[in-house]
Amino acid sequence: MRDTAKVIIGILVFLVLVTTPFWYGKIAAESGKPPVLKVGTAEKECVMSKDFMRANHMDLLNEWRDHVVREADRVYVREDGRRFDKSLGNTCMKCHTDKKEFCDKCHSYSGVKEPFCWDCHNDPNAR
Amino acid sequence: MNFITSFLLTVGLFIVGYFGSRLPFVFGLVIPYTALTLFVLGLVCRMIAWARVPVPFRIPTTCGQQRSLSWIKSNNLESPFNLLGVVGRMFLEVFFFRSLFRNTKAELYDGTRLVYGSNKFLWVGAMAFHWSFLLIVLRHFRFFTEPVLPCVLWLQDLDGLFEIAVPAFYLTNFFIVAALGYLLARRLFNPQVRYISLGSDYFALFLILAIALTGIWMRYIDKVDVVKIKELVMSLVAFAPVVPDGIGWLFFVHLFFVCVLLAYFPFSKLLHMPGVFFSPTRNLANNNRAKRHINPWNPEVKCHTYEEWEDEFRDTLKRIGLPLDKAE
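In order, the protein sequence lines correspond to chains A and B. Position 68 of the first sequence, counted from 1, bears residue number 68 in the numbering used here, the numbering being contiguous throughout. Position 227 of the second sequence, counted from 1, bears residue number 227 in the numbering used here, the numbering being contiguous throughout.
Honestly, the hints are just simulated from the structure, not real lab data. Hints are supplied without guarantee of correctness; some may be wrong.
Simulated coverage check for chain A against chain B, where a stretch passes if three residues somewhere in it have a Cβ under 8 Å from a Cβ of chain B [claimed, not checked]:
1. 3-11
2. 16-30
3. 47-57
4. 110-119
We put the beta carbon where it would ideally sit given N, CA and C, even for glycine.
Make the full structure from the sequences, and use the hints.
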């Protein structure tokens, strides 16, 4: 059996599939560069270091949620003694005011679905 | 012995990846490009090499009644007689491992009686592993595409259906580790399978297990900065490489394992991925009796047909009064 045509079609399908990221980027015409986030504050540092927050913010938020909702523990004391109110709306979003410009941009860039913060919380700055 | 060697090899790769995180340019850029090139070229060369192998006869393996007379019930899936049957058979083979579903085991009872029975565990393990792996690969397209493909987001939601923990626990993470654990245990604890297991059998399992475990580790335990990783990947994809600072070492280990898998793929048993499509025992219709298949590279055979013979001796045959097919 000579199946040259079928084999060529098969190889082409394989090549198209395996190179999807390469041509999809060209078609979508997006730069693929990470979003630049807007922080509306004069504050110089976050509750934790920037690197920690970038990778682990969900853990911190989850921990705070549990402390506040289940243990009524509302005060976070950082290693250097500074105190923070464990609150998404009043602490986090005091600086990171714009959900669309801060949370959503990164989440949509990295394909993270809308977190369940917003199942209970309102965006305090969306008026 | 094979087991230990493969295990140590995988540990060695882990250590290389760990130190590789100090050379982000090599391990984040040179090695991934090289590995992908090897994977693509290697697979294409393999497929071309396979396609050039002569398959002069139709050699499907069948396990059903072939089509013959209209009143004999035939089975187009088990013994396909047309393209539709072949496509259906291949589809079930590729997506649901139908031939593995028929897997049997043979065991000695009371030391004397050989008993055959069905054995679906291998099929279940293979299905769980392959489907999880496919979903995991597709899910990773959130790092390869910008804007993220909608179907990838949909797959993620499906995979993280139960919304356990943050970030959502993926079912495929559990299934792939469980399935690989079973496939490994089967090679270790089943004496017959252990006897025929080679180093390459263990190595493939260890390598994929290592990829899965470092991925899980990175997602749930020692978290890495996903945005920086996507920045790196997107820059590789756009051929304008940028290696951002501050990507965790674990990512480089994970990436290095994936690169090793890609580079190893065209030279290993993992080639069954394209190979299944090239199996002449599966992808040919069993229609040898209905159709005459002539080997396309047969040399032309000179024959002398009866008609030609009659023409040659027509006058003689006529003279002695023998009957002729053609009167003139």
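So, going through the hints one by one against the coordinates:
Residues of the segment 3-11 of chain A lying with their CB closer than 8 Å to a CB of chain B number 5, which satisfies the three-residue condition for coverage. By the rule of at least three residues with a Cβ nearer than 8 Å to a Cβ of chain B, the coverage given for the segment 16-30 of chain A holds, with 9 such residues. Residues of the segment 47-57 of chain A with a Cβ under 8 Å from some Cβ of chain B number 4, which satisfies the need for three, so the listed coverage holds. Taking a C-beta to C-beta cut-off of 8 Å, the segment 110-119 of chain A contributes 6 residues in contact with chain B, enough for the three needed, and the coverage statement holds.
Comparing the model with each numbered hint stated earlier shows that all of them hold.
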